[in-house]
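Using the sequences plus the hints, can you model the full thing?
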Amino acid sequence: MREVAWRLFAGEYNDARKTIAAKGEREPSFVLTPLGAQVNRLFLSGVLTDVENLGTDQEPMYRGRVSDPTGVFHVYAGQYQPVAAAALGKIAPPAFVAVIGKARTYTTDQGTTYANVRPERLRVVEAGVRDYWVLEACRFLRKRLDLAKAAYALESPTADAIAKLGASRAGAEGLAAAIREYGKVDLSRYAAMLTEGLRYVLPEHRGERAEEVPAGGPDSQTEGKVLELVASLDEGGKGAPWDALVAAAGKAGLEPSALEAAVDVLLDRGAIYEPVLGRIRRI
Amino acid sequence: MTSEWNAHVKDIAKALGNRVPEQEIARELENYVNVYRVSVDTAKRSIVKKHGGEAASLGRIAGREVKDLKPGEGSVDLLARVVYVDRRTVKVPEGQKEILTGILGDNTGTVPFTAWEAAGLELAKGDVLRATNAYTKEYKGKLEVHFGGRTTITREPPEALPFERAARNGPGTVSTVAQLRDGMGTVSLTARVLQVEAKSVTVEGAAKTVHQGLLADATGRVQFSAWKDYGLKAGDALRLEGAYVKGFRGLPQVSFDDRAKVEVLAESDLPGLEQLSQAPRAWIEDLAERGGAVDVTLRGIVVDIREGSGLIHRCPECKRVLTKDACRLHGAVKGQSDLRVKAVLDDGSGALTAVFDRELTEALLERTLEQCLTQAREAMSVEVIRDAIADVLVAQPIEARGNVTSDEYGLMMIVQEAKILRVDVQEEARAMLGALEEET
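Sequence lines, in order, name chains A and S. Take the first sequence: its letter number 73 is residue 83 in our numbering, and every next letter is one higher. Take the second sequence: its letter number 64 is residue 261 in our numbering, and every next letter is one higher.
Among these hints, one or two may not hold up.
[Said to hold, decoys possible] Incomplete in silico selection of chain S near chain A, CB under 7 Å:
no.	residue
1	Gln623
2	Met629
3	Ala632
[Claimed, not checked] Covered by chain A, according to a simulated footprint, are these stretches of chain S (three or more residues, beta-carbon under 8 Å):
no.	region
4	498–511
5	532–545
6	589–603
[To be verified] Just some of the chain A residues that point at chain S, by a computed CB distance under 7 Å:
no.	residue
7	Met11
8	Arg17
9	Phe106
10	Ala108
11	Val135
12	Val211
Quick caveat, the hints were computed from the structure, so don't treat them as lab data. All residues carry an ideal CB built from backbone N, CA and C; glycine is no exception.
Here it is as structure tokens:
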């Protein structure tokens, strides 16, 4: 059976720190999110804000950043994704894009895990396709949120018990695994993503200040702190090494997820950029 | 000597009034079966006749009854009728292999079977066969009979397994349409007739009229076959008890005849004909669990365009798609051009292959087959058409209506109607936001 393409926001996807390894040679592996999405393939849409060739002209490895109402997807395409790489190399940002791709994670030497996307298909789309994607991402997020709320109230949230709440077998197993791996997470963070997503497509809410995303989400104070760190760790104009930034942020009491979220926001705002992979520099 | 062999010998001896010593019978039986390789039944009849006995007085040492079979049995003897059989080529580690698959039945039930040594084995619907040393397995929770290298299969005359039709089935499992599954056996069902038409068919050489159509309740719709004229018409609310469920490519179908209780209800709680005639929106996840559905509407996006999409050429004889200008059956032929799309449609709950025919493809591409042929000639490649299809369809929200079937490769929809989906995103987002605000 072909693996389903999950619709989920970058905010939830980037919170994923765990993978479920393939059970057999031809079996799929999954990236597990705190809400129990078991993602092997995903469908995402958003604004392609920048594309960078991390490889060479002969052997390009493109990294694209696709932003949605809640965060940024990191999309990597190289020789093993020839169709998507060719497409990514040609698109001039900013552009609305849709991506169908495989879920992957990358773990640094420090043991921090980042979820990214290896695209199978990537193309420019109309704003309407992106808006419809946001709506779908909201619907599925709401389903996972409601199920998580109900499951958190259970004494023993096993897959069987969760299935009895009316979830599909796969949904119940995913959530049970997520509770084992991440514990009961703060759901208000995801409820905020849901309203953020819905408001994003509604003209009457356009221009409103984004709601503060609690628990781990970036705020202006965090952003300020990160900007300071980036400046202080800059090595002679080449930018601050990512690992040093993670270490310094950790000492300053910032979780890697909070750091990453703040960096994403600052990158989007154009306050910082990545001169080379793994280095961050103030503009 | 196995106990079964002894039982055959004793059976012959008894039919001959114990006039012939068992030792002699055993020797003859062995001669017939092992040297001349005739079936045990034929051998027994021959021996009885040869000694002047009455073959009809032989008892039948039947094999096992289908209803008593359990998964994981290593040596099963069966006397059964072929209900359905199909020859297929499957991939095995050593390459390709021809197998026979189908359904066997006796008077106690039916069971799917696979014959792994199909070379030289000819089986047709209605054949009665005796299999010794077959084995059973469970696949996806269902029992299967397998004929392997150790299995001996012999054809028997039809009289060896006379039909014993029950006068009336029991009421069976109470079910809604969505709960119907292949292999359920008999069911009770209340549903409305959406459409029905009479068809002439040939069953085992005899002409019959079957009344076929669609039944629906609030949960879904299902194809039915009535093997008797109940005077059914569209809109009738039907109460069925003891109807039989069988599967066609994973799609459950209901059939009924004199053995079932069939009643047209004057009143029912069923939704009206008009409401039931709307193709219900379905989720692929549910279809995967049900094995398919009749006339459903899906909303999803196209996530991939599969091989075999775009410009294709078909055999003028059998309409099969040609590979390298050759038909699998008819060899090198002059192909007829056609256009189709095999898309992977994904609705976020699951994915299936959706097949769009020429007419639908032309509408989605907004160009005709002729225009595609010209374009391909100019580009000197048929790939350009596949690329054009991908350009139009990938990531595009689509609404597709049709029948969904399943096989070992997953679900497939033969699309009857399709359109690019235009959703009022704002209206739906506003409704969801409103509902969320009410909750908190």
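Quick rundown of the hints versus the structure:
{"no.": "1", "hint": "Gln623", "verdict": "6 Å, holds"}
{"no.": "2", "hint": "Met629", "verdict": "6 Å, holds"}
{"no.": "3", "hint": "Ala632", "verdict": "9 Å, violated"}
{"no.": "4", "hint": "498–511", "verdict": "holds (count 3)"}
{"no.": "5", "hint": "532–545", "verdict": "holds (count 3)"}
{"no.": "6", "hint": "589–603", "verdict": "holds (count 4)"}
{"no.": "7", "hint": "Met11", "verdict": "5 Å, holds"}
{"no.": "8", "hint": "Arg17", "verdict": "5 Å, holds"}
{"no.": "9", "hint": "Phe106", "verdict": "10 Å, violated"}
{"no.": "10", "hint": "Ala108", "verdict": "4 Å, holds"}
{"no.": "11", "hint": "Val135", "verdict": "6 Å, holds"}
{"no.": "12", "hint": "Val211", "verdict": "5 Å, holds"}
Violated hints, listed in ascending order, are 3 and 9; each of the other numbered hints is respected by the structure.
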